[in-house]
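Asker: Protein chains in written order, with this note's numbering: chain A, 22 to 319; chain B, 1028 to 1294.
Check the hints yourself; a few may be wrong.
[Said to hold, decoys possible] Restraint ranges, calculated between C-beta atoms of paired labels, are given here:
| no. | chain 1 | residue 1 | chain 2 | residue 2 | range |
| --- | --- | --- | --- | --- | --- |
| 1 | A | A260 | B | S1205 | 53 to 61 Å |
| 2 | B | A1264 | A | Q40 | 55 to 63 Å |
| 3 | A | Q268 | B | K1292 | 36 to 44 Å |
[Stated by the list, open to error] What the simulated footprint calls covered on chain B by chain A, stretch by stretch (three residues with Cβ under 8 Å from a Cβ of chain A suffice, anywhere in the stretch; the number is not a length):
| no. | stretch |
| --- | --- |
| 4 | 1053-1061 |
| 5 | 1117-1125 |
| 6 | 1130-1144 |
In short, the hints are calculated from the structure, not lab data. Predicted model, so just to flag it, every value in this text is computed and none were measured. No residue lacks a Cβ here, since even glycine has one placed at the ideal position from N, Cα and C.
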Amino acid sequence: MSAPAAELVNTSKRYGEVQAVRDVSFVIEPGEVVAMLGPNGAGKTTSISLMLGTRKPTSGTVRLFGMDPKDLKARSRIGVMLQESGVPGMLRVAEIVELFRSYYPAPLATAEAIRMAGLEEKAKSLVKDLSGGQRQRLYFALAVCGDPDALFLDEPTVGMDVEGRRRFLEEIGALATKGRTVVLTTHYLEEADQLARRVIVIDHGRVIADSTPAAIKARVAGKRVTFSTGTRPDESQFAGLPLNSKQIEDHRVRLLTNEPEQVLRELFRRGVEIQNLEVAGADLEEAFVAMTHQQTQT
Amino acid sequence: MSTVTARSATAPVLPMLARQSYAEFVKLFRVPAFSVTSIVLPTMFYAFIGLGQAKEPLFPGSAVTFGEYFLASMALYGVANVMVLGFGISLANERGQKQDLLMKSTPLPAPVFFTAKALSALAIALISIVVLGLFAAVAAGVQLDASQWLTLGARAMLCSIPFIGLGFALGYLAGPNSAPAVTNLIYLPTAFASGLFFPLRLLPQFLQNLAPYLPLYRGAQLVWDSVGARTEGGSIASDWLYMGAYTVVFFLLALWAYRRDQGKKFN
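Extracted from the complex, chain A is given alone in its bound form (with noise of 0.2 Å):
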């Protein structure tokens, strides 16, 4: 009865020239909120073409609830939001999420559709004059309308202004208590720290760590130590520090360290001005910045 809700088995997916997936694994069981983290090109929207169907992998295998994922038995079980897709302008609200329905054997009532995405102001607008953010949530509103088993979200808050994402959350967050699979990529360390329970972390094509937000902090064991200087601080003045990563931003400076003391203790005699000190445990961001550029490196 319970198969993954998606799976990848050895998959690589290459686009010409590009290897945007390399040999990557994973399973997704049901009930799961996953949060796909990575910088832009990194291959999460492959991915989760992958997981969708709308991409065939170049070796490999992928499963959605155990069938192909072209197979419509499979996909009338997820609700996806995509980046950049397009919907019909001439149709309303109402009238779009209508036909979305249709396309699903159990749905949800138009109203609470509508209701979930926030959009009962606009529901009889034609979809051409919503706003970026509303048209946003009415993709969130076409995915959910078919109370779908799964959801896939390519970069779902992208556009959405304050009180639509604070809504948008909770209702995904009421989604994962009701067993529903929640896949997700996002930019936004915070909403994966909020939402997801485990974090894929992608960089080159590659997963590079597989694991809840607090084990993937934790991989980092170090400290973020931020300061701002009265000068513009010179590159030179950090050379040969034991640094996992250094953030240089006009004044102000943000590294990561293992050993914050022996740093904070050779600025100090490099004479550099510090002003405004830090330091803290790293938090998700830079624990997943220290991660890829340590990819990158190897």
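Guided by the hints, dock chain B onto chain A, whose structure is given.
Answerer: This is chain B only, laid out in the frame that chain A set:
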């Protein structure tokens, strides 16, 4: 989770087709650039060109009036126009906006999608010939037997079928920006060269030589025949055969264009 196991695996096809057809119809109908040109244009041509000389014989001594000839011509022009533009331009636009990306990941079967598109275009084609027929009867006083009206309507609708394939192929071959130009560039001159606006014998000789190979010309013979205005001696059966062959060719072309597009996007 008992509801999950109890429910059927996929949605029933007929309600899906009904919803999809309605949506496709509304999508076309709400774009004035499309609905006005599809529904009003044939009637407008009739008002400008046909009305003034509706009662005159098509040729000196012929029993058929220009009004009857031009009614049949514009009926065919109208329905084929809906297919070529309706499919061609709307499909090209939808591809341009990446609507196919989202549709592709829903459980909507591709045959349902295309059937719905064809049905919606047929509905608009039917509206266009009803409007034209009413106008010709009321304003130009064209009088046909009930059986002639029905034959004309049925033949015009049947003759639109190969153009569904052609429009579909254009929709997958042309880009969203070039689609209107390409379709008009192909369609208008072809309609002219097939004798839809002026009887063929008034056109230059090279067009008269070319015309018999054009699908609109073959369709025109069939609709003209229904009002007694046939211009060629050949048999009706051969016209149907030509239309059948064009249907096969255009649909194969459409299938090839569709596969080519899908291969680029979803491989």
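Asker: All the hints need checking, so say for each whether the structure fits it.
Answerer: Each hint, compared with the structure:
{"no.": "1", "hint": "A:A260 x B:S1205: 53 to 61 Å", "in the structure": "holds, 56 Å"}
{"no.": "2", "hint": "B:A1264 x A:Q40: 55 to 63 Å", "in the structure": "holds, 59 Å"}
{"no.": "3", "hint": "A:Q268 x B:K1292: 36 to 44 Å", "in the structure": "holds, 37 Å"}
{"no.": "4", "hint": "1053-1061", "in the structure": "holds (count 4)"}
{"no.": "5", "hint": "1117-1125", "in the structure": "holds (count 3)"}
{"no.": "6", "hint": "1130-1144", "in the structure": "holds (count 6)"}
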